[in-house]
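Visitor: Position one of the sequence shown corresponds to residue 274 (our numbering), numbered consecutively onward.
Hints were generated in silico from the structure; no laboratory data involved. For glycine and all other residues, C-beta sits at the position ideal for the given N, C-alpha and C. Fair warning: there could be bad hints in the mix.
Unchecked claim - Using C-beta positions, here's what the derived DEER-type ranges look like:
1. Asp307 with Ala483: 48 to 54 angstroms
2. Gly435 with Arg542: 41 to 47 angstroms
3. Asp307 with Pro418: 25 to 31 angstroms
4. Asp326 with Thr369: 28 to 34 angstroms
5. Asp534 with Asn378: 23 to 29 angstroms
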Amino acid sequence: METGGGEVVAPADAGALVFGHHAAPDWLTDLLEDNPQLAWVQLPWAGIEPYVDVVRRFADRTWTCGKGVYAEPVAEHALALALAGFRRLHEFSRATTWTEGAGTNLLGARVVILGGGGITTSLLRLLEPFHCHVTVVRQTPAAMPGAAEVVGVDGLDAALDGAQLLVLALALTPETVGLIDRARLERLDPGAWVVNVARGGHIVTDDLVAVLAEGRIGGAALDVTDPEPLPPDHPLWTEPRCLITPHTANTIAMAEPLLRDRVADNVRRWIAGDELIGYVDPAAGY
């Protein structure tokens, strides 16, 4: 904040608030009620699910979040999970004897990415050397560099038909909860992999468990789950077609320098009266 030209003061003396707690909506509500002069609030993460109600309650304030800050590390993790799945690293890492060779090329694969934000923008760039046919499904269709086509949500089912890789990189809203259910999983290629670096709630977990157990798809690589944390006795832990990372696509160590730079940049912009980065739309919830 100070590197951006700001001064750290008590809430009563401040005109803007940089809120660093990942999930303390009641505390934030009290701060805003007690300090109506706080005109801008910066939230720490890209996903603001814990704060949606607060944002909408205080929609007269300017809100920004970490939207786009963590795109590069998360996109990198998504690519790593996809390659691990295609190359069957989940099986080889558990093997105790030399096994027969197996694996699938990502090169030239049909890929569907749900979401059109910063993660997708970064992932499209990372996928360029693999010459994939990428379809992006987003709320508002608009051309994106690296995507063969961009369609709206009404084009989701057609896009999934025969896709070999599905990557989830979208915001969790009431409309996207349970977006990927059994019917949509079964539209994928029988060898397809599902990579989720968004939120666990996008996928109907019981449907995913069933489809994996039946061998309907190649596998799932999940950085997020529903529920989360995933209980120790959950069947996904022992599912041989599943690869799980504990929400580590963007760790605190990775995030801190990126968020620090974003906050400093936004503080400079706020002081100068320039447009801020990472605006939150109270109505949309992200």
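Visitor: The structure should be examined with respect to each hint, and the outcome stated for every one.
Guide: A quick look at each hint next to the structure:
Roughly 49 angstroms separates the CB atoms of aspartate 307 and alanine 483, a value that falls within the hinted 48 to 54 angstroms. Distance hint check for glycine 435 and arginine 542: the Cβ-Cβ separation is about 45 angstroms, which falls inside the suggested range of 41 to 47 angstroms. Aspartate 307 and proline 418 have their C-beta atoms about 46 angstroms apart, which leaves the hinted 25 to 31 angstroms range violated. Distance hint check for aspartate 326 and threonine 369: the Cβ-Cβ separation is about 50 angstroms, which falls outside the suggested range of 28 to 34 angstroms.
Our hint of 23 to 29 angstroms for aspartate 534 and asparagine 378 is violated, since their Cβ atoms are close to 37 angstroms apart.
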